[in-house]
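Going by the numbering used here, the sequence shown opens with residue 1, and the numbers climb by one from there.
None of these hints come from the bench; they were simulated from the model.
Please read all numbers here as calculations on a predicted model, not as lab measurements.
Treat each hint with caution, since some may be false.
[Claimed, not checked] Each computed DMTMM-like pair below joins lysine to aspartate or glutamate, with the alpha-carbon atoms no more than 20 angstroms apart: (1) Lys135 to Glu186; (2) Lys194 to Asp178; (3) Lys176 to Glu122; (4) Lys130 to Asp115; (5) Lys33 to Asp9; (6) Lys196 to Glu177; (7) Lys24 to Glu41; (8) Lys130 to Asp116; (9) Lys33 to Glu80; (10) Lys133 to Glu173; (11) Lys196 to Glu186; (12) Lys135 to Glu173; (13) Lys17 to Glu88; (14) Lys181 to Asp115; (15) Lys17 to Glu50; (16) Lys176 to Glu41; (17) Lys176 to Glu91; (18) Lys159 to Glu50; (19) Lys159 to Glu173; (20) Lys133 to Asp115; (21) Lys159 to Asp63; (22) Lys181 to Glu122; (23) Lys130 to Glu184; (24) Lys58 to Glu20; (25) Lys135 to Asp178; (26) Lys176 to Asp140; (27) Lys159 to Asp9; (28) Lys176 to Glu86.
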Amino acid sequence: MFELVRCQDVIRIPPGKFNEDLRKVSIEELARKYEGTLSRELGYVVAVVEAEVSPVGKILPGDGATYNAVTFTLLTYKPEIQEVVEGEVVEIGSFGAFIRIGPMEALLHVSQIIDDYVVYDERQATLMGKETKRKLSVGDRVRARITAVSMAKGGASGKVGITMRQPFLGKLEWIKEDLAKLREAEKVKAGKEKAKVKAGGGKK
Numbered sequence: 001m002f003e004l005v006r007c008q009d010v011i012r013i014p015p016g017k018f019n020e021d022l023r024k025v026s027i028e029e030l031a032r033k034y035e036g037t038l039s040r041e042l043g044y045v046v047a048v049v050e051a052e053v054s055p056v057g058k059i060l061p062g063d064g065a066t067y068n069a070v071t072f073t074l075l076t077y078k079p080e081i082q083e084v085v086e087g088e089v090v091e092i093g094s095f096g097a098f099i100r101i102g103p104m105e106a107l108l109h110v111s112q113i114i115d116d117y118v119v120y121d122e123r124q125a126t127l128m129g130k131e132t133k134r135k136l137s138v139g140d141r142v143r144a145r146i147t148a149v150s151m152a153k154g155g156a157s158g159k160v161g162i163t164m165r166q167p168f169l170g171k172l173e174w175i176k177e178d179l180a181k182l183r184e185a186e187k188v189k190a191g192k193e194k195a196k197v198k199a200g201g202g203k204k
């Protein structure tokens, strides 16, 4: 899920930027340090959205820069196990598919797509259920549940595993079809119960 995280740090302001706006410079330096990074604590850092920097910094011997304390806000994306997410299919292969969720890509293994035997069509770049004939292609929108998360400390990438083999998960078109079938089944059931009540009421 996306989160706004409040943090504190000390940033280096180089001499060449002393005449620039301190807040602007601090955001630039923080963005260079944090944006695009990945950690277990923060998840994936999308952007630095705000910063409050101390106007008084420290100077270290042999370094003409100043070191200023800064409090700042990060926009992060941290996938959580059991979280339900929506995303777009960005790659199809015999192994399954990669789904773009927020700023990251999650692996949807072929065994977790649908409760059916899935066939890979390399020519059309699709995965299709043998019995259901339901197809998954690049560009399709899907809803899935996160089942595994691995964040390498200090790394630039992580691993996220997802499944669509649960009720009301899958390609959004499939979900609409399943809901329509469910509503129709409930309507038929209600009609039968109503007819049963009428038939029972007519007996003497």
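inquiry  = Hints numbered earlier in the text: which of these fail when held up against the supplied structure?
reply    = 1, 2, 3, 6, 7, 9, 13, 16, 17, 18, 19, 21, 22, 23 and 27
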